[in-house]
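Visitor: Residue numbers (this note's numbering), protein chains in the order written: chain A, 65 to 345; chain B, 16 to 78.
The hints are simulated quantities; they were obtained by calculation from the structure and are not laboratory data. These numbers were taken from a predicted model, which means no experiment stands behind them. It is possible that part of the hints are untrue.
Unchecked claim - Now the in silico label distances, taken between C-beta atoms and shown as ranges:
hint: 1; chain 1: B; residue 1: L19; chain 2: A; residue 2: V343; range: 51 to 59 Å
hint: 2; chain 1: A; residue 1: W325; chain 2: B; residue 2: T38; range: 25 to 33 Å
hint: 3; chain 1: A; residue 1: A309; chain 2: B; residue 2: G37; range: 40 to 48 Å
hint: 4; chain 1: B; residue 1: M16; chain 2: A; residue 2: I302; range: 42 to 50 Å
hint: 5; chain 1: B; residue 1: I25; chain 2: A; residue 2: L137; range: 24 to 32 Å
hint: 6; chain 1: B; residue 1: P46; chain 2: A; residue 2: M71; range: 34 to 42 Å
hint: 7; chain 1: A; residue 1: M71; chain 2: B; residue 2: T36; range: 35 to 43 Å
hint: 8; chain 1: A; residue 1: L68; chain 2: B; residue 2: G47; range: 34 to 42 Å
hint: 9; chain 1: A; residue 1: S151; chain 2: B; residue 2: Q40; range: 41 to 49 Å
hint: 10; chain 1: A; residue 1: L68; chain 2: B; residue 2: Q40; range: 15 to 23 Å
hint: 11; chain 1: A; residue 1: V278; chain 2: B; residue 2: P46; range: 19 to 27 Å
hint: 12; chain 1: B; residue 1: G47; chain 2: A; residue 2: W325; range: 44 to 52 Å
hint: 13; chain 1: A; residue 1: V278; chain 2: B; residue 2: T36; range: 41 to 49 Å
hint: 14; chain 1: A; residue 1: Y220; chain 2: B; residue 2: G47; range: 30 to 38 Å
Stated by the list, open to error - A few chain A residues that face chain B, going by a derived Cβ cut-off under 10 Å, partial list only:
hint: 15; residue: G180
hint: 16; residue: F182
hint: 17; residue: L276
hint: 18; residue: K344
We treat Cβ as the ideally placed atom computed from N, Cα and C, and that holds for glycine.
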Amino acid sequence: MTFLQAMLLAVLQGFSELFPISSLGHTVLIPALLHWNIDLASPSFLSFVVVLHLGTALALLVFYWREWRGIALAFAGSIVRGRFSGSTDEKTAWLLVAGTIPVGLLGLFFESEVRGLFASPIPVALFLAANGLVMFAGEWLKRKDDGQRALVSLSYVDGVKVGFAQAFALLPGISRSGTAMVASLLMNLSEAEAARFSFLLGTPVILAAGLLEVPRLLDPAAHLALVQSVLGGVLSAITAYISLAFLTRYFRSNDLRPFGWYCLGAGMICFILFFSGIVKA
Amino acid sequence: MKGLSLVLAIAFFVIAVLYWTGTLQIATHEPGPHHKHAVLFAGLGILCLIWFRFQSASPSRVR
Chain A
65 MTFLQAMLLA
75 VLQGFSELFP
85 ISSLGHTVLI
95 PALLHWNIDL
105 ASPSFLSFVV
115 VLHLGTALAL
125 LVFYWREWRG
135 IALAFAGSIV
145 RGRFSGSTDE
155 KTAWLLVAGT
165 IPVGLLGLFF
175 ESEVRGLFAS
185 PIPVALFLAA
195 NGLVMFAGEW
205 LKRKDDGQRA
215 LVSLSYVDGV
225 KVGFAQAFAL
235 LPGISRSGTA
245 MVASLLMNLS
255 EAEAARFSFL
265 LGTPVILAAG
275 LLEVPRLLDP
285 AAHLALVQSV
295 LGGVLSAITA
305 YISLAFLTRY
315 FRSNDLRPFG
325 WYCLGAGMIC
335 FILFFSGIVK
345 A
Chain B
16 MKGLSLVLAI
26 AFFVIAVLYW
36 TGTLQIATHE
46 PGPHHKHAVL
56 FAGLGILCLI
66 WFRFQSASPS
76 RVR
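Generate coordinates for the entire structure from the input sequences, incorporating the hints supplied.
Guide: Right, dumping it as structure tokens:
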């Protein structure tokens with residue numbers, strides 16, 4: 065992996081992790097389209113991805129710093145008291161716990177198998193197109209008649225359901241933030257509230273994905289280029305922060321359909337290119 | 016339910032130790048210790064202890 069490729073991947077990770085367009089799908093498709101000779105399973109590449117994830121998680125923590133501080137204090141307070149106080153931050157904290165358990169369990173036990181089966185360009189292109197259809201379905205099926213709910217009005221069972229929806233993102237090409245948003249929309253949250261829940265819910269997942277893989281950085285086989293990794297992590301954090309700033313503003317008055325069109329179009333074009341052999345998969 | 020939460024917590028911590036030491040190999044891809052599995056089950060054990068704590072305190076206002 066050259067320095068330029070590494071920086072482009074860092075930017076790609078920062079943007080696509082939070083936009084509902086599947087970062088993993090893009091990490092498979094873009095190198096294949098551009099004929100980058102990168103071994104996606106090599107220790108050095110996986111170590112680099114760990115740093116990128118940590119950069120993205122850092123951006124999420126910084127962007128929602130005040131919320132995370134309130135959530136952490138309320139969470140700790142409820143444990144110390146041994147009962148719920150009913151505060152907004154506390155409800156959000158336990159919704160995040162409820163939503164993180166399913167994706168944690170399913171991710172741990174099925175991630176390798178699922179990605180081993182489907183992490184090649186043709187199935188990823190199809191899943192990316194399917195991700196677009198999921199965006200359209202979410203916008204079409206959401207209830208438009210009732211008043212929209214606040215995040216804290218969700219039950220913990222609803223939180224678990226959103227957690228299960230996130231787990232579909234184990235399939236490369238399906239977006240974690242997208243499926244979480246669609247599941248939240250189906251529970252009658254507004255786009256802005258669904259996006260906020262999706263980003264908050266993504267923070268422990270992305271952070272854990274990075275932290276649990278930190279031992280890879282110490283692997284002698286990783287041959288991690290220090291400057292490249294540090295710059296990649298910083299670039300990933302900056303682009304993720306910009307993405308958050310844009311998306312939180314965007315979803316105040318817009319919906320998921322443009323991302324649906326992008327995923328459907330990009331997925332179908334990639335499928336045609338790879339399936340027809342115009343671009344070698 | 017208090018008893019159940021405590022039993023589950025102990026069970027999860029035991030499973031975590033077994034994965035950490037590499038004794039347990041269920042749903043794994045290669046032999047050896049599985050630290051990620053261990054961390055996850057330790058997390059579940061902690062959640063069960065929190066559940067126990069919530070049931071020990073009163074009054075509870077679980078929704």
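Visitor: Take the hints in turn and mark each one as holding or not.
Guide: Status of the hints after comparison with the structure:
1. B/L19 x A/V343: 51 to 59 Å: 55 Å, holds
2. A/W325 x B/T38: 25 to 33 Å: The hinted range 25 to 33 Å is violated for A/W325 and B/T38, with Cβ atoms some 51 Å apart.
3. A/A309 x B/G37: 40 to 48 Å: 45 Å, holds
4. B/M16 x A/I302: 42 to 50 Å: 48 Å, holds
5. B/I25 x A/L137: 24 to 32 Å: 29 Å, holds
6. B/P46 x A/M71: 34 to 42 Å: 38 Å, holds
7. A/M71 x B/T36: 35 to 43 Å: 41 Å, holds
8. A/L68 x B/G47: 34 to 42 Å: At 37 Å between Cβs, range holds.
9. A/S151 x B/Q40: 41 to 49 Å: Given about 43 Å between the Cβ atoms, the range holds.
10. A/L68 x B/Q40: 15 to 23 Å: 42 Å, violated
11. A/V278 x B/P46: 19 to 27 Å: 22 Å, holds
12. B/G47 x A/W325: 44 to 52 Å: 46 Å Cβ-Cβ, so the 44 to 52 Å window holds.
13. A/V278 x B/T36: 41 to 49 Å: Because 20 Å falls outside the window, the suggested range is violated.
14. A/Y220 x B/G47: 30 to 38 Å: 36 Å, holds
15. G180: Given a least distance of 9 Å, the restraint on A/G180 holds.
16. F182: Check failed: Cβ of A/F182 comes no nearer than 16 Å to chain B, outside 10 Å.
17. L276: Hint on A/L276: holds, closest Cβ of chain B at ~5 Å, below 10 Å.
18. K344: It is violated, given that the least Cβ distance between A/K344 and chain B is near 28 Å, above 10 Å.
The structure fails to meet hints 2, 10, 13, 16, 18 from the earlier list, while all remaining hints are met.
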